[in-house]
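K.L.:
We have chain A; now place chain B with the ligands onto it with these hints.
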Amino acid sequence: MEDIDQLLQKIRSQNMAAIAHAITLVENRDDGYLTLLDKLYNLPRHSFVVGITGAPGSGKSTFVNQLVPQALETQKKVAVIAIDPSSRFTGGALLGDRIRFSDAFPFDRVFFRSLASRSSLGAVSSALFSILQIFNGALFDCIFVESVGAGQNDLDIKDYVDMVLLFLVSGMGDEVQCMKAGIMEIADLFVINKIDLYPPAPLFLALLNHLSLHLSSETAQSRIVQTDALHNTGFTELWHTIENFRQTCRYQKRSLEKDTALLLKNEVERLFTEKHIQKKLQELLSLGTSPYQMVEKMQKLLEEMLGDPHD
Amino acid sequence: MAKKIRVLIAKPGLDGHDRGAKVVAKAFMEAGMEVIYTGIRKTPEQIAHIALQEDVDVVGLSSLSGGHNTLFVDVARWLAKVGKKDVLLLGGGIVPEEDVLYLKQNGFAEIFAPGTDTKTIAEYIISRVYPKLGNE
Ligand SMILES: Nc1nc2c(ncn2[C@@H]2O[C@H](COP(=O)(O)OP(=O)(O)O)[C@@H](O)[C@H]2O)c(=O)[nH]1
Ligand SMILES: [Mg+2]
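So the sequences go chain by chain: A and B. No gaps in the numbering here: position 178 of the first sequence is 178 in the working numbering, and each next residue is one more. No gaps in the numbering here: position 90 of the second sequence is 90 in the working numbering, and each next residue is one more.
This is chain A alone, in the form it adopts within the complex:
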């Protein structure tokens, strides 16, 4: 087992190789990863974390590429975590978000990591929470997380970040899509992108209507921005909006209860892909005749282990 204290030291002193290595350690659950995370978790909050979600192709990667130089004007260190899906069949992944990323950013100030979602059960990699602790420990000022952008699972991102940006494109059916339960509620800022291609007015009005149900029309308007990520229109203003949000909305409070629940949920999901649970499922197959009967048996087993929830 490697020297975790030494690794922690290097992360704290912003050694890029150490940060890169620590991320792998955590993703692979290599020896010592929990010791490392335990130490990182107790450090004070430093990073402001912005989550970016929205349908594939809506321009998230292009947008991050424009936002980074804005961020660099006031922030010393910026990290980007770009998540792409793992294939459910081969377990492999094609991580292509870097293609949209400029070559011009200084490597000692901008850390870009491509992440495969790995677990098939959520759009957000179960290691994301832990990887954010690493960047926080390395005193990165701002972290952008680009999520896979696939449907309902993407709601998860809210649990990991301080601010959620939802990407929408006018005229692509997003007017209806965005009214669906959940996604509206998790977004702190609505970004109407590709305004050079599609007139944003219909989507803007639909959003405004929806938001005005709960907010004053002034506040509702301030929650919508319009961008052309390809030609870099609207970004200075956008960065100010993000900075303002950071000032007024502070960081999400750290809650031992919430964080533990989040990690445990990931852990339980992951266990279902592991061999011994698969074995248990095989055993159960011989006991019941329908999936419901087997689920009932499984519930009984768990209740015996954990006790009655109503006690």
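Take these hints with a grain of salt, some might be off.
Computed cross-link-like contacts, EDC-like style, restricted to lysine to aspartate or glutamate with a CA-CA straight-line distance of at most 16 Å [stated by the list, open to error]:
#1 132/B to 141/A
#2 3/B to 30/A
#3 10/A to 159/A
#4 132/B to 97/B
#5 132/B to 30/A
#6 3/B to 31/A
#7 26/B to 123/B
#8 39/A to 73/A
#9 76/A to 243/A
#10 258/A to 108/A
#11 26/B to 117/B
#12 265/A to 159/A
#13 81/B to 108/A
#14 297/A to 283/A
#15 77/A to 108/A
Hints listed in this document are in silico derivations from the structure and should not be mistaken for laboratory results.
P.N.:
This is chain B with the ligands only, laid out in the frame that chain A set:
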């Protein structure tokens, strides 16, 4: 659960054709690897920094423009310079035999000729990297 092999596919130099690189990237994904593709026209220095940040096990370079000797070796030098250790360095493209020897003396594990079956390359990578990761 087997650990994932992470591979960086990069094209140093100025030539702008990346069809071959994309085919290889897709094949490696189908072989179960996590493949980071950077797009075209990266400098050796950029490739080295990207390899470091992405903490890849393998860097695969492709070049069809004939500048491989200098460019490929520059990547090897930059990898050492930025402190990226433990990386399997591979090349692909039309490379004459005497150059293959030169590249192998300068940090490259293998050079694959165009048209090499991508399965063969994937198997080669797995055989070299799995022992390091502790996979069976
Ligand atoms: N015209 C136009 N094209 C854009 C804009 N934003 C992104 N694109 C293009 O849309 C495509 C998908 O962008 P990408 O950033 O990869 O989307 P992602 O899947 O959400 O990350 C790319 O070809 C971009 O060049 C925009 O504001 N205007
Ligand atoms: Mg993207």
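K.L.:
Against each hint, give a clear statement of whether it holds in the structure.
P.N.:
Results of checking the hints against the structure:
no., hint, result
1, 132/B to 141/A, "violated, 34 Å"
2, 3/B to 30/A, "holds, 10 Å"
3, 10/A to 159/A, "violated, 28 Å"
4, 132/B to 97/B, "violated, 29 Å"
5, 132/B to 30/A, "holds, 13 Å"
6, 3/B to 31/A, "holds, 13 Å"
7, 26/B to 123/B, "holds, 15 Å"
8, 39/A to 73/A, "violated, 31 Å"
9, 76/A to 243/A, "holds, 14 Å"
10, 258/A to 108/A, "violated, 33 Å"
11, 26/B to 117/B, "holds, 13 Å"
12, 265/A to 159/A, "holds, 12 Å"
13, 81/B to 108/A, "holds, 14 Å"
14, 297/A to 283/A, "holds, 11 Å"
15, 77/A to 108/A, "holds, 8 Å"
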